[in-house]
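S.K.: Sequence:
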Amino acid sequence: MYKLFAMAMVSPTSGRHTAPASSSPPEAGENTQSASLGNVLTSCLDMLKIEDAQIRRKAVEFVGSLSIGTVNAYGKWITAVKAIADACAVSGKMFSQSDMCDFLTVAAKGVDPKRAGSKAVSDSTFHIYVDIMENYNKADDTLKAHYPRVIVDTISALDKGVDTRGEAVGIYSIDRYYQERKSTAVQEDPAASYVTRPITERQTPAAPSATAAPAFSDELVENLMHMTGRSRKDLERSLAGLPAIDIKKIANLSVNYKRLQKYGKLLSHPEAFKKEVEKELGRKLTDNQLQHAINSIRKSKTYIENVLDGKFVPHGTHGINHVKHNLEYGYQLMGLLEPRKRRSN
Numbered sequence: 010m011y012k013l014f015a016m017a018m019v020s021p022t023s024g025r026h027t028a029p030a031s032s033s034p035p036e037a038g039e040n041t042q043s044a045s046l047g048n049v050l051t052s053c054l055d056m057l058k059i060e061d062a063q064i065r066r067k068a069v070e071f072v073g074s075l076s077i078g079t080v081n082a083y084g085k086w087i088t089a090v091k092a093i094a095d096a097c098a099v100s101g102k103m104f105s106q107s108d109m110c111d112f113l114t115v116a117a118k119g120v121d122p123k124r125a126g127s128k129a130v131s132d133s134t135f136h137i138y139v140d141i142m143e144n145y146n147k148a149d150d151t152l153k154a155h156y157p158r159v160i161v162d163t164i165s166a167l168d169k170g171v172d173t174r175g176e177a178v179g180i181y182s183i184d185r186y187y188q189e190r191k192s193t194a195v196q197e198d199p200a201a202s203y204v205t206r207p208i209t210e211r212q213t214p215a216a217p218s219a220t221a222a223p224a225f226s227d228e229l230v231e232n233l234m235h236m237t238g239r240s241r242k243d244l245e246r247s248l249a250g251l252p253a254i255d256i257k258k259i260a261n262l263s264v265n266y267k268r269l270q271k272y273g274k275l276l277s278h279p280e281a282f283k284k285e286v287e288k289e290l291g292r293k294l295t296d297n298q299l300q301h302a303i304n305s306i307r308k309s310k311t312y313i314e315n316v317l318d319g320k321f322v323p324h325g326t327h328g329i330n331h332v333k334h335n336l337e338y339g340y341q342l343m344g345l346l347e348p349r350k351r352r353s354n
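Counting from 1 along the sequence shown, just add 9 to a position and that's the residue number in this note's numbering.
Where hints are given, some of them may not hold.
[What the hints assert, rightly or not] As a list, the in silico DSS-like pairs of lysine-lysine whose alpha-carbon atoms are at most 25 Å apart: (1) K191 <-> K257; (2) K267 <-> K288; (3) K283 <-> K308; (4) K308 <-> K257.
These aren't lab readings, by the way, just hints derived from the structure by calculation.
Sequences are here, hints too, so could you generate the full structure?
M.R.: What follows is the structure, encoded as C-alpha cells:
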C-alpha cells in the first residue's frame, strides 16, 4: 500500500494526493516557464487548502524578496513551496498527518518529470511518506512546524542535487540528509534568510594592490594564530583576500576569544551555559535562541577557518550562505557580533 502511494505521488495522473481536481497546477512539464511565480504560489496555496490570510501574505512577501536568478535556479514550483513552508513555520502552523502527506505530494511536483520516475527519486519519496505515517504524529510541535521545510529541502536535493540552502546532497545520501535536516531545521529562523543583504556584502572585493595598507591589525593576526594554530604568513594571506565586513566579524570574535572559551567549557552543562549568557546579556533567551547560541559556540573555530578559507560561498534560493548566516545569528544573540543593519527605504 505504501509503495503504491509513493508511486502515485510522482505520477502526473495520480489521485487524491497529487492535488484536488479543481486546482490544476499552472507549472508542470511543458508549462514550467509559462506561469508567473505569483500564479504558481497561489495554486500551491489552494492545493494545500491554506486559507490563513497571515500565512498567504507572508508567503507572498517571501517570494517578492527573491531575485529572478534565484527563481530560475530552483524553479518556480520549489521556490513557491519553499516560501509556503517558511511562512507556515514562521506562523507556527502545524499540519495534520494527512495534510502533511498532501504537502509532500505537492512539493514532489517540483521534481523534473525526467527524474521523477527514476527508482532513486521514487524510493526516497516513498521513504519520506513512510516517515510521515510512522513518526509525524510522535514529533514535538517545534519539529512539526518545520516538517514542511525539511520536505522542501529534500525534494530540492532530489531535483537539483542541492537543497534550498545550496548544500550539495548526493542521491544516495538523501535518507541520511533527511534525518539530519530534521535536527537542523528547527534551529533556524526561516524569515531571517529572506532579508536582503546590503550591497557591500554582495560585492566581490577587488584584489588588494601591492602597495595598499593591510585592512587588518597585527593584533588580529596574533589572536588568530592562537585561535587557529595557523602560521602568520598563512593568516595574512587569507585575510588579504577577505572583504572588510568578514574581517570585522573575525576581529569581533577574536576580541571575545576569552568569552568563547568560557562558553565552550559550559556547553556540557546547558543550564549553566544559559544562566551565564543571560546574566551577561541582561535578558532571557528563548529555547530556539539558546540552541542557536550553543551551535554557534560549538562551531566557532570552524566558522573562523571557513571564513578565512572562503568556504562560505553565497548560494541557495536567497543568494546567501545559510550555514554562515545561522552561525552569525547565534553570535549576534550573545553580543559577540554586531546585528546586521537593514537598509532604510
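S.K.: Each hint should be assessed against the structure and marked as holding or not.
M.R.: Evaluation of the provided hints:
no., hint, verdict
1, K191 <-> K257, "violated, 33 Å"
2, K267 <-> K288, "holds, 16 Å"
3, K283 <-> K308, "holds, 17 Å"
4, K308 <-> K257, "holds, 18 Å"
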